[in-house]
Amino acid sequence: MRDRSGFDSKTNEYSAISIIVPTLNEEENIKDCLDSLLELDYPEDKHEIIVVDSSTDSTPRIVESYKKVRLIRSQKGLSQQRNVGLRSANFDILACTDADCIVPRDWLKIINQVFRNKGIAAIGGNAFLPPRTSYFGKCVACVGQPAGGAIGFDGNVTRTENGIDFIAGCNSVYRRSVLLDVGGFDRAFDDDAGDVDISRRMKRKGYYIDYVPALTVYHKPRNTLFRYMRWNVRGGLGKFNLKKPSLLQIIFHPSFPLWSILLFLGVFSIIKIPTLFIATLFLLWLVSIVVPLVATKSYPLLIKRRKRIGVSLFSILMVIPFLIYVRQICMNIGQIKKWLQTKRSVQ
Numbered sequence: 103m104r105d106r107s108g109f110d111s112k113t114n115e116y117s118a119i120s121i122i123v124p125t126l127n128e129e130e131n132i133k134d135c136l137d138s139l140l141e142l143d144y145p146e147d148k149h150e151i152i153v154v155d156s157s158t159d160s161t162p163r164i165v166e167s168y169k170k171v172r173l174i175r176s177q178k179g180l181s182q183q184r185n186v187g188l189r190s191a192n193f194d195i196l197a198c199t200d201a202d203c204i205v206p207r208d209w210l211k212i213i214n215q216v217f218r219n220k221g222i223a224a225i226g227g228n229a230f231l232p233p234r235t236s237y238f239g240k241c242v243a244c245v246g247q248p249a250g251g252a253i254g255f256d257g258n259v260t261r262t263e264n265g266i267d268f269i270a271g272c273n274s275v276y277r278r279s280v281l282l283d284v285g286g287f288d289r290a291f292d293d294d295a296g297d298v299d300i301s302r303r304m305k306r307k308g309y310y311i312d313y314v315p316a317l318t319v320y321h322k323p324r325n326t327l328f329r330y331m332r333w334n335v336r337g338g339l340g341k342f343n344l345k346k347p348s349l350l351q352i353i354f355h356p357s358f359p360l361w362s363i364l365l366f367l368g369v370f371s372i373i374k375i376p377t378l379f380i381a382t383l384f385l386l387w388l389v390s391i392v393v394p395l396v397a398t399k400s401y402p403l404l405i406k407r408r409k410r411i412g413v414s415l416f417s418i419l420m421v422i423p424f425l426i427y428v429r430q431i432c433m434n435i436g437q438i439k440k441w442l443q444t445k446r447s448v449q
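Numbering (my numbering), first residue to last: 103 to 449.
A portion of the hints provided could be inaccurate.
As the list claims (entries may be wrong) - Result set (DMTMM-like, lysine to aspartate or glutamate): computed pairs, CA atoms no more than 25 angstroms apart in a straight line: (1) K170 x D134; (2) K169 x D208; (3) K220 x D267; (4) K409 x D292; (5) K345 x D292; (6) K240 x D194; (7) K133 x E115; (8) K211 x D159; (9) K148 x D194; (10) K445 x D292; (11) K322 x E129; (12) K322 x E166.
Note that these hints are calculated values from the structure, not bench results. Owing to the predicted nature of the structure, the values given are computational and were not obtained by experimental measurement.
Turn these sequences into a full structure, and let the hints steer you where they fit.
And the structure:
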């Protein structure tokens, strides 16, 4: 049986596949990732594992202990690392994942089956939670990142006869020839969002990108509020690279932190409005920010799939909107940081 992506569960021929894993200080995660890659149910002579590392911690030493894994040192930068992997790969199909991901044993078999369709240029899949994820980690994944998070990538994209518009780098597969044709990954996106940028360039050239629901990795979420915030600051760097907003556009976005500080601490303390009224206005303001964020395609899916994910309705209605708001604040901080870096670079 073959679906519109060319998926054929009865295919027994094996294409050669290069697996690319960029790493930056991943000593906590890389062992689990490599252990899963070495357990793949796929002929050894038909795949290779390449780790492109820019770490200052013990990550390279850990990788070196895996004799079947190629370690290549690289300058820092996600797009730079992916390009190093692209140039170093021996095979035309490149399967990319992150160091904090765990892949199932059939990962390469699914890739092999889909890529028998020569019209496929690239595919993306889901990034679900690994077992024993903490409750906070589940809530973080419910925000929908990366690759749809706990909700599923179908909550982030719409699949049409023209495929999908982008794929997430943590579970992405490309034809090497296509990547070379579009010029590889853009170093301007070394911070983040290089996967979105290259997807757009592939689409502009008429290449077909598809979503394959069966293609899954297990992505460890940011398990503390600090790590979650730092991750979204980095996301703000990527958002700036994609949209190039002016400083005024960043500052006057309703989620910019200045407005909450002025509203809650400054204005109301000066004009001495009663506390209950302050709280009511603050709640209305917060709702005006959160409602547009949660009134999306993914939020009804989150409510529908909450039992499978393992989160309560209370968390969906209260905790996750708060995390969405925190994400917006951190992304604005990241955008300002990148705006300042850009201004300094042109001086």
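Hint-by-hint comparison with the structure:
| no. | hint | result |
| --- | --- | --- |
| 1 | K170 x D134 | holds (15 angstroms) |
| 2 | K169 x D208 | holds (22 angstroms) |
| 3 | K220 x D267 | holds (19 angstroms) |
| 4 | K409 x D292 | violated (37 angstroms) |
| 5 | K345 x D292 | holds (15 angstroms) |
| 6 | K240 x D194 | violated (36 angstroms) |
| 7 | K133 x E115 | violated (30 angstroms) |
| 8 | K211 x D159 | violated (33 angstroms) |
| 9 | K148 x D194 | holds (11 angstroms) |
| 10 | K445 x D292 | holds (17 angstroms) |
| 11 | K322 x E129 | holds (14 angstroms) |
| 12 | K322 x E166 | holds (23 angstroms) |
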